[in-house]
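Peer 1: Chains A and B are the protein sequences, given in the same order. Counting in the working numbering, the first sequence runs from 4 upward without gaps. Counting in the working numbering, the second sequence runs from 45 upward without gaps.
Worth flagging that the hints you see were computed from the coordinates, not collected in a lab. Accuracy of the hints is not assured; some may be wrong.
In silico lysine-lysine, BS3-like type, Cα no more than 25 Å apart, as pairs [unchecked claim]:
id, chain 1, residue 1, chain 2, residue 2
1, A, 725, A, 290
2, B, 123, A, 53
3, A, 693, A, 705
4, A, 567, A, 800
5, A, 567, A, 303
6, A, 725, B, 123
7, A, 249, A, 673
8, A, 458, A, 303
9, A, 305, A, 800
10, A, 673, A, 693
11, B, 123, A, 731
12, B, 123, A, 33
Counterexamples of contact, computed for chain A against chain B with all Cβ distances above 12 Å [said to hold, decoys possible]:
id, residue
13, 120
14, 250
15, 390
16, 405
17, 420
18, 456
19, 516
20, 688
21, 701
22, 795
23, 814
24, 823
What you are looking at is a predicted structure, and each value in this text was computed from that prediction instead of being measured. Just so you know, even glycine gets a beta-carbon here, dropped at the ideal spot from N, CA and C.
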Amino acid sequence: MRLLPFIASAIVTISLVAVLNTQLTIGTTKSPKLGYFLSPQHGFWKNAEKVNTNFDASIVANELKGNVDVYLDDRLVPHIYADNDQDAYFVQGYLHAKFRLWQMDFQTRVASGRLSEIAGADRLPIDRFFRRLGMVYGAEKTEANINANNPEMKETVDAYTAGVNAFIKQMDPADMPFEFKLMNYVPENWTPKKTYLFLMFMSYDLTGRAATTDLQLTNTRDFLGYDLFDKLYTNNQDSLDPIIPKGTVYQKPSIVPIKPINADSAYLHQSTALEFNNVETPAAPNKNNGSNNWAVAGSKTKSGRPILASDPHLGLNMPSLWYEVQITTPTHSTYGASFPGSPAVIIGFNDSLAWGVTNAGRDVLDFYEIKFKDSTENEYWYNGKWNTAEKRTEVIKVKDSADVVEQIPMTVWGPTMYDAHYQNPQSKGRNLAIQWTAHNSSTGVETFYRLNRAKNYDDYIKAISLYTCPGQNFVLATKTEDIAIKQQGSFVARWERQGDFIMPGDDTTYAWQGMIPNEENPTIKNPERGFVSSANQKPTDPSYPYYLGTATSFPLYRGISVNKHLTAMSGITAEDIQALQTNNDNVFAATARPALMKYVQVEKLSPDAKRMVDEMNNWDLVNSENSKGITAFKIIWDSVTQAVWGDELAGSPIPLTSPDDFVLVDQLLKDSNWSIADDISTKGKIENFKDQVNLGIENATKKLLELEKENKFEWALFKATKVMHLTKIPALSRMNLPIGGGENIINATTDDHGPSWRMVVHLTDEIEAYGLYPGGQSGNPGSAYYDTFIDYWAAGKYYRLLFLAKEKLIKNERTKWHIQFKKSNAS
Amino acid sequence: MKYIVSILLSALLAYAVGIYGNLPWWSFVVTNFIIAFAIPIKPAHSFSAGALGVGSLWAGLAFGIDTANNHILSTKVAKILTIGDSYLLVIFITVAIGTLLGGLASLTGSFLRSSKA
Chain A
4 MRLLPFIASA IVTISLVAVL NTQLTIGTTK SPKLGYFLSP QHGFWKNAEK
54 VNTNFDASIV ANELKGNVDV YLDDRLVPHI YADNDQDAYF VQGYLHAKFR
104 LWQMDFQTRV ASGRLSEIAG ADRLPIDRFF RRLGMVYGAE KTEANINANN
154 PEMKETVDAY TAGVNAFIKQ MDPADMPFEF KLMNYVPENW TPKKTYLFLM
204 FMSYDLTGRA ATTDLQLTNT RDFLGYDLFD KLYTNNQDSL DPIIPKGTVY
254 QKPSIVPIKP INADSAYLHQ STALEFNNVE TPAAPNKNNG SNNWAVAGSK
304 TKSGRPILAS DPHLGLNMPS LWYEVQITTP THSTYGASFP GSPAVIIGFN
354 DSLAWGVTNA GRDVLDFYEI KFKDSTENEY WYNGKWNTAE KRTEVIKVKD
404 SADVVEQIPM TVWGPTMYDA HYQNPQSKGR NLAIQWTAHN SSTGVETFYR
454 LNRAKNYDDY IKAISLYTCP GQNFVLATKT EDIAIKQQGS FVARWERQGD
504 FIMPGDDTTY AWQGMIPNEE NPTIKNPERG FVSSANQKPT DPSYPYYLGT
554 ATSFPLYRGI SVNKHLTAMS GITAEDIQAL QTNNDNVFAA TARPALMKYV
604 QVEKLSPDAK RMVDEMNNWD LVNSENSKGI TAFKIIWDSV TQAVWGDELA
654 GSPIPLTSPD DFVLVDQLLK DSNWSIADDI STKGKIENFK DQVNLGIENA
704 TKKLLELEKE NKFEWALFKA TKVMHLTKIP ALSRMNLPIG GGENIINATT
754 DDHGPSWRMV VHLTDEIEAY GLYPGGQSGN PGSAYYDTFI DYWAAGKYYR
804 LLFLAKEKLI KNERTKWHIQ FKKSNAS
Chain B
45 MKYIVSILLS ALLAYAVGIY GNLPWWSFVV TNFIIAFAIP IKPAHSFSAG
95 ALGVGSLWAG LAFGIDTANN HILSTKVAKI LTIGDSYLLV IFITVAIGTL
145 LGGLASLTGS FLRSSKA
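Use the sequences and the hints to build the structure in full.
Peer 2: See below:
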């Protein structure tokens, strides 16, 4: 009788299969299904790519109109040669999917508030935030507009979508990207809406900070009172070196926004009881999301031809936001960095010109306070009557749990982001609608499509005039020796301080009074000084007739550094420009250190503190990777700012934003009796800068001694730059990279943020271009091409980019593989 | 002879059903079960044949893949599974799963046949 052993054995076997086929909860995370994940024919082993993989392939896709040849070079950059544009974008979509499918899925899930669907209720706060912000709403509006009015773009995005889906269809499930297996879900088909969601995410990343900062600034104003607020968060930047040189004369504005007569009492000086914090939101986009770009004219270069540089500073992630590609069709030949998720090249060059972008930093997102008639939120007060608030329904699917439904009341301003159902405990039931240019149907994808094909300055102006959000500084250099820069976007014609804080939404009084016409956006072409540049500083001096937004949105010092160097340089080569892009000079410290030293009372310092001050003073003002002086300076400076205004900000029940460094520098330079220097917590004693500087240094010394003990005094060890995988799993990331730079530095590399695509283009007859991004062309953590460029990037080196006609490329020694796309097997 | 055939069949069929990405990863449990049910050998031998068949298949595949990959991914997986950074340990666990399940599946098949006998 063997029935019993059979039953026992069967139960053990089935149970074991079941356990190995289940996601186990380990701490706060879920394991992959271990049996599946470790199976050599299904699991992660299938993603362990041979280091000498042969990428040659022949692919049949009946969506194609003709045949397409793709050659991969030694860095795995595809060079696409197609007979028509649609086929090129089909293949671009296919290749994005082949090498980056998981990140495309993940990034659009974040943008559309669909993380809970795969990761469970933990992610609900992030999902709800993006739904309430109107990310899906904005993407839908863009899609509807393009479908109705723009057949050329529709065709382009459709071709791209078909390419992504052709790959998904042909993919063996066992070969799907590693992260799907790890997180236990499967890819779904791409749609044009996902492309627009991805572009919405870029709008959020580059303009969405205001969704957090407008509330924080309102709270800070409420806490400090407007007068003190205006001192600490001043809009005056004395040392500004704007994008458009000082002294430029601007034409008369076509819109003169009128400040409401009650603004002083009902807006600026009004103190609401409203108190928010950002507990329920994802981390706001990085303040330093910005970038450098510049172009030097032939008059300043050794060759006599222009050179263009662009390096967008963004969060450092793997797989990278960028994917290099060459696209060559009968209409154009373009090379550069593309977004997996979108057709065309975003920052790059073609055989006539090169372009780059930096973030404009202008405020295009405002909150308006809404009054609802009752708790149904069906009607809201506007212009003297109750108006219907249509509800937008957003259903959030949650893994292993019930759906969460958001009912968002839509107002004349836009979606009501905060209300009784989505709020912070401290918000006391108040309602805030959001008005954001990203909701107004973006045409961004067409701008890049046209730039890919632009031949000259006029084409460039036409292409970027379509561009609305997120506002960018578009730099240009052409083979015909034009250089130019224009700040372009759909910008609000604001009165001073309009929209810096939550505004009353009862009527049109505080409404936007118009958008600045494109022709009045700051522009400069072929200036006398022989270069154009931008580094996220204010675009103009105060003579520009429109309010640009709060100064805290505009970093000051990188621009000063770039312009100082470019002014001094002549006989410039591409190598000189590379050296400038990776330059680590600290112009902020060059001003701040002597300003600080004016007040140091050395005789009163402890011996350790004296040593730290010496360390700071002997520093060469360069943020090099092994410098100790910068670490001493940074810690001392932060500690002094804390001593100066920490007391004013202390006691707030909610976190307030700190004032900017330039505010303190300016005051140290001009006024030793600034009232803020007094520590308001000490009664009967008035502190001045001398007291606070010494106090700051002593406090900093404690921290510096700790760093010394931990062997983290050297800048790169202290800063610990990392390129994190999108899941934040350290094993898939690169940690502690040996790289200098930092905030306010041209090489703007902080701990998790920095130059995400360094590009230098010399506009010679045969274009000479260099570039790289911190990542690799393959998004597969099991590929040798996953992090190929990171060490080179950290070392400040560049790759020569291969940009060649097909016949030449085929013969080039760096060309390694050939992927043939055919319409059918027969042809 | 039946023992050798069992091992070979077990490895061969496990590999064959593994080729199809749409079939579940544990399909070899079914094939091992059937082999052990069909080929009359002692349950203990059946267990070891199934274990050896799948275990050696998985060992071969994992070692082969890992060597060609220069251990890039297995090292990362070891860290993700918080078992250090040894690719050998990842291979060991992989092979252990294949061996154990393969053996148990065959044992179950063998028991079923002998319970009918």
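Peer 1: Evaluate each hint against the coordinates.
Peer 2: Going down the list of hints, with the structure as the test:
1. A:725 - A:290: holds, 18 Å
2. B:123 - A:53: Within the cut-off at roughly 20 Å; holds.
3. A:693 - A:705: holds, 19 Å
4. A:567 - A:800: holds, 23 Å
5. A:567 - A:303: holds, 14 Å
6. A:725 - B:123: Within the cut-off at roughly 17 Å; holds.
7. A:249 - A:673: holds, 22 Å
8. A:458 - A:303: holds, 23 Å
9. A:305 - A:800: holds, 21 Å
10. A:673 - A:693: holds, 14 Å
11. B:123 - A:731: With a Cα-Cα distance of about 13 Å, the restraint between residue 123 of chain B and residue 731 of chain A holds, given a limit of 25 Å.
12. B:123 - A:33: This hinted pair holds, its Cα atoms lying about 15 Å apart.
13. 120: It holds; residue 120 of chain A is separated from chain B by about 22 Å at its closest Cβ, greater than 12 Å.
14. 250: holds, 56 Å
15. 390: The assertion about residue 390 of chain A holds, with a minimum of 53 Å to chain B.
16. 405: holds, 28 Å
17. 420: holds, 36 Å
18. 456: holds, 39 Å
19. 516: holds, 54 Å
20. 688: holds, 54 Å
21. 701: Since the minimum Cβ distance to chain B is about 41 Å, residue 701 of chain A lies beyond 12 Å and the statement holds.
22. 795: At roughly 18 Å from the nearest Cβ of chain B, residue 795 of chain A sits farther out than 12 Å, so the non-interface label holds.
23. 814: The claim holds: residue 814 of chain A sits with its nearest Cβ about 30 Å from chain B, beyond 12 Å.
24. 823: holds, 24 Å
When each numbered hint is compared with the structure, no violation occurs for any of them.
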